[in-house]
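Trainee: Position chains B and C relative to chain A; hints supplied.
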Amino acid sequence: MATDLAPIISVRDLNVEFRLRQGIVHAVKNVSFELRPGRTLGLVGESGSGKSVTARALMQLVDPPGYIASGAMMLGDTDIAKLGRRGPAIRALRGADISMIFQEPMSSLSPVHTIGSQIIEALRLHLKLGHADARKRAIELLQQVEIADAQRNIDRYTFEFSGGMRQRVMIAMALACNPRVLIADEPTTALDVTTQAEVLDLIRRIQRERGMAMLLITHDMGVVAEVADDIAVMYRGEIVEAGPVDQVFHQASHHYTQRLLSSVLKLEGTAELKAGPVAGAAPILSVKGLGKTYLVGAGAFGGRAKSSFRAVNDVSFQLGAGESLGIVGESGSGKTTLGRLIMRSVEPTDGEVVFSPDGAPAMDVRSLDRAGLRRYYEQVRFVFQDPFSSLNPRMSVREIVGEPLHVSGSLNGRALTTRVRELLDLVGLDPDVMGRYPHAFSGGQRQRIGIARALALEPKILIADEPTSALDVSIRSQILDLLLDLQRRLGLSYIMISHDIGVIRYFCDRVAVMRQGKIVEIGDAKTVCTAPSHPYTKALISAVPYPDPRTPRMSRREKYFENSA
Amino acid sequence: MGIYIAKRLLYMIPTLFGMSLISFVIIQLPPGDFLTSLVSAIADSGQGLDRASIDRLTALYGLDQPFYVQYWNWISGIVFRGDFGWSFDWGQPVSRLLWDRMGITLLVSGLSLILIWLIAIPIGIYSAVRRYSAGDYIFTFIGFIGLAIPTFILALGLMYVSFTYFGLNVGGLFSPEYEGARWSIAKFWDLLAHLWIPVVVVAISSTAALIRVMRANLADELGKPYVTTARAKGLSEFTLIMRYPVRIALNPFVSTIGWVLPALISGVTITAIVLNLPMAGPLLLRALVSQDMYLAGAFILIMSVLTLIGMLISDILLALLDPRIRYQ
Amino acid sequence: MEQVTLTEATLLPAAGMADAGQWKLMVWRFRRHRLAVVSLGIVVLLYLVAIFAEFLAPYGPDLTRPQYTYAPPQGISFVDHAADGALSWNPHAAGYDITVDQEAMRRTFTPNPDKIMPLGFFVRGEPYKLWGLFSADLHLIGPTKSGEVVYLLGSDRLGRDVLSRLIYGTRISMSIGLVGVVISLALGLFLGGISGFYGGIIDSLIQRLIEVVSAMPTIPLWMGLAAAIPLTWGPIEVYFTVTAIVSLLGWTSLAREVRGRFFSLRGEDFVTAARFDGVGEMRIIFRHMLPSMTSHVLAMVTLAVPAMIIAETSLSFLGIGLKPPVVSWGVLLQDAQNLRAISSAPWLLLWPALAVMVAVLSFNFLGDGLRDAADPYGD
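Chains as they are written, first to last, in my numbering: chain A, 1 to 565; chain B, 1001 to 1328; chain C, 2001 to 2379.
Since the hints were derived computationally from the structure, they do not count as laboratory data.
Hints may contain errors.
Okay, derived cross-link-like pairs now, DSS-like style, lysine-lysine, Cα gap no bigger than 30 Å in a straight line [claimed, not checked]:
{"#": "1", "chain 1": "A", "residue 1": "Lys526", "chain 2": "A", "residue 2": "Lys559"}
{"#": "2", "chain 1": "B", "residue 1": "Lys1007", "chain 2": "A", "residue 2": "Lys128"}
{"#": "3", "chain 1": "A", "residue 1": "Lys518", "chain 2": "A", "residue 2": "Lys559"}
{"#": "4", "chain 1": "A", "residue 1": "Lys128", "chain 2": "A", "residue 2": "Lys288"}
{"#": "5", "chain 1": "A", "residue 1": "Lys518", "chain 2": "A", "residue 2": "Lys274"}
{"#": "6", "chain 1": "C", "residue 1": "Lys2129", "chain 2": "C", "residue 2": "Lys2115"}
{"#": "7", "chain 1": "B", "residue 1": "Lys1007", "chain 2": "A", "residue 2": "Lys82"}
{"#": "8", "chain 1": "A", "residue 1": "Lys29", "chain 2": "A", "residue 2": "Lys274"}
{"#": "9", "chain 1": "B", "residue 1": "Lys1224", "chain 2": "A", "residue 2": "Lys29"}
Given the structure is predicted, the values throughout are model-derived calculations rather than measurements.
Excised from the complex, chain A in its bound form (with noise of 0.2 Å):
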């Protein structure tokens, strides 16, 4: 590997602390790397692996309480650990020296002001440029990160843009002064798949191109495979492991590394729990020609809408007893509204759900009154995306878990307790639970209460909404093999929404993508995930990083656009 060249910034023993009231937490311990032009270092961990913190000590910029509490971060002859804060030395290097890509391109920018300005003002600051000659640089600068009409746009807000363009405007303002170092903390986390493929491709063009050394932040091991060069793995404020990317990702020696490595590969193949879908069986749910139409604009005294938008327009599907059906798609596709149509906690403006379950009548899901809907909600399930808000903070578990059985009428003081034990210990955890609140939970342990209080009145259908995305990857498989187990043991029908498409290759049997309200591929989900027919799926798929260095897919990824349907 090229270690030829002399690093441009390199960090030794690094410590990084916060104070606070329950005592001090060591965000960052003894981390050392370096970075050197032309080269990408992708810093790779989980949540509260200190990742973020290390990125932003790297600028002075680790927010009180936290503190740099020893280790250098040698510039040049300049030690950046012993800047300080604040002060015109520290100010100097920032933006001009190295520049920082945040994560979120909405909140990361400031609404009231355009995006010219913002850029502007990085120019004048540290090229002393004149106020004419630092907009014609904003310009080319917002052209080279690809913006279509920088003349004009340079004056709008950023409110006026989608987020991948947003992410664009960052970068622009990152490159401004030329900096030496690009630090990127997870720089399309908040971005789609297609979206996140376009912008890591524009950043690893130009990092090529300027001979910038790069330090990529992520939790993706597919973004790092894909873009880095060298890799160091961070585990509980350590790295744990660092070398070039393709040794760590094939001869991975820290047990850290290789469990992150084997539930990340793990989702890119198809779970083994996988029961199948009984043959023969009946369709449990069938809808037919679902749609919703929002409309725009309406004024508060019930004037004329301006507008109307499908958020899902004639969707038809059907889910047979014992399957899983994806649907997949980017934001904006209908996806979860698709899931709230079914629920009816969003009224549907056209279309028809049906239920038929086993040996009882089958419901028309749109005609049910107050009581029916009650009986349909018994049997048809709900699993929320945010483990957090989805459980009330003020109701015990015992409480949460035990109110479908309550609200029944089924079961009844120490009966219920009983049932809330079982439901618990089904879900694997400790029944003894039962008294604590919500807060004293994790993000996995709270998806599994979620999915207690779903079990609790033995359904039969299960629709998840995005389950996994809140969490930590190694989390998210053990989540989705206890859906797979109790589909197993308890019969149950699952849908499955998600926009991530290892989730659903890993879960499901069948899969539908979605785009703009409809449905434009569905089919087996080996054979869509593997061997797309519709030019958007396969360029969505094409588009997912893939984590294994040796075959990157994003870069060679089809692309779709609208008149190549």
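Mentor: Here is chains B and C on its own, set in the frame of chain A:
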């Protein structure tokens, strides 16, 4: 922008209607109508009023009509002719008594608002940036004291202190020598020399509240990612705080005019009564006590409408400051 | 984005917290706010004063003594300084000589250090009926020698004891705050609730009403409403009317808060989850949503009390709220209305003003503490 202002104006109409209705209800509230008071007043002065005259007056003022007709008579007079009714206590049209006094009330309110902003914004910024510092605690404490003292007690206290310790009588708006004099620069200075007391008294209680608003707004903004972005650009701490979070925290601050203005007018009213200043307050009180209801109702209505106009101005200001509102 | 990086294990609260319900967590958090805890003590104390006014006040509120007009505060000390410097327990008030200026028809009180007025605790004095029910004549404090009159905080124009009047005034002023807030809350909950629940036209109508009322300057509006109270009404009618007026204008912010919370809670996942659990509308509101609101509403209500107290005081001060013989802090301040009165007897302004301030400050701090504790699950 034009559409936005037009929309706001349109939204004001139902509010105006509601305010006028409440004002009219207040006019109607006292038992009996103003004619009863008039009759008894005339009777007190030794003259009698015969039945025919009473009936004539009743018809003239539409007092035998249902509520909505009376309301229509009243409001149409105001809207179309600027006629606010008759003050029997003063024997003059209400409109003649109204404007002078409202003018000074408005002047004091306006000056107070400016003073409040001049104090609250810098202190709010300081308190937010140096949260939990000694200075922050001191300002917070002073602020709470300001919040806790009712305006009229403050006015009384100030009156007492300036009289016993400085021998000043702070009542009135002019020194005796300028009382009846024509307007001149000297008289204007004299006015200012008297005006600062009500201005300060009125400002104090709202200042405390606004410091807290500014502090809370800015403290929220300081933790936002865009501040880190600006810091990562290499801006100096002062520049970046002023240019980004302060700029954004000012937006909700501007909209506080909505509730500061009614509080200010309230404060001015009661301060003027305590200090016996020739403003709307004492006249309103006198009107209410003597049940000179058209005068009282007119004051309440005009004060409310002025508040509403103030809010409109703050909305427009907010739209100018915040592109997100402007582009809606 | 991770700001503070903690491993999941350290993020989990200590063992005791795991089983703690919301009220327990709120109490823990509230106790961290020292000023609020102290304020809670003061508020409780004020209400105790209001409840036991008859016992705590040395005299009745209306007891006039023409020979003691504008007597200055005598103060109170608990120990005696003997000539040799030794201290002995002997609660007493400072005495004075009274001279009458015949020409000005005015009494002057000159302090006389040789005269002291021994005081005792639990002394028998003027008989009263506690809460109008129990006859008693025991007072917390009073002169031990019968026939002596003590004015710890001075007397007013009619020779009435300011301390006693202040104590009786506490009963009226503090109860108006409480009753007013209850009426406000009822109105706010009702209107805010149906506004949030039904939405649509009803919601916009109520929102308009709130807008109109909150955009009108309160003091002129209060004045307008209070002035309509007929002079012929008795004290109790006036009391309730004034309370109603004061609360009529205080409900808007409560209604707004209730509605806002209602809307934001209705969109919460856990409320949707309850709906999917088959929970009925009523149970959703009372079992799932209300517990998240009560703490916030409690804080709002506490913060609304000071405004009520200030309103009552202001109206009574202007002479259009409560009127004598009712005694409230505002009524007491009426006596301090002109410069002459306060320059010759500043205690008439000082003590009631101090009482108002202490009450308002305490409620403010208490409300602040409650608000901070209201959401124990944040940060």
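Trainee: Look at each hint and say if it fits the structure.
Mentor: Each hint, compared with the structure:
no.	hint	result
1	A:Lys526 - A:Lys559	holds (21 Å)
2	B:Lys1007 - A:Lys128	violated (44 Å)
3	A:Lys518 - A:Lys559	holds (19 Å)
4	A:Lys128 - A:Lys288	violated (63 Å)
5	A:Lys518 - A:Lys274	holds (28 Å)
6	C:Lys2129 - C:Lys2115	violated (33 Å)
7	B:Lys1007 - A:Lys82	violated (56 Å)
8	A:Lys29 - A:Lys274	violated (41 Å)
9	B:Lys1224 - A:Lys29	holds (27 Å)
Checked against the numbered hints listed earlier, the structure breaks hints 2, 4, 6, 7 and 8; every other hint is satisfied.
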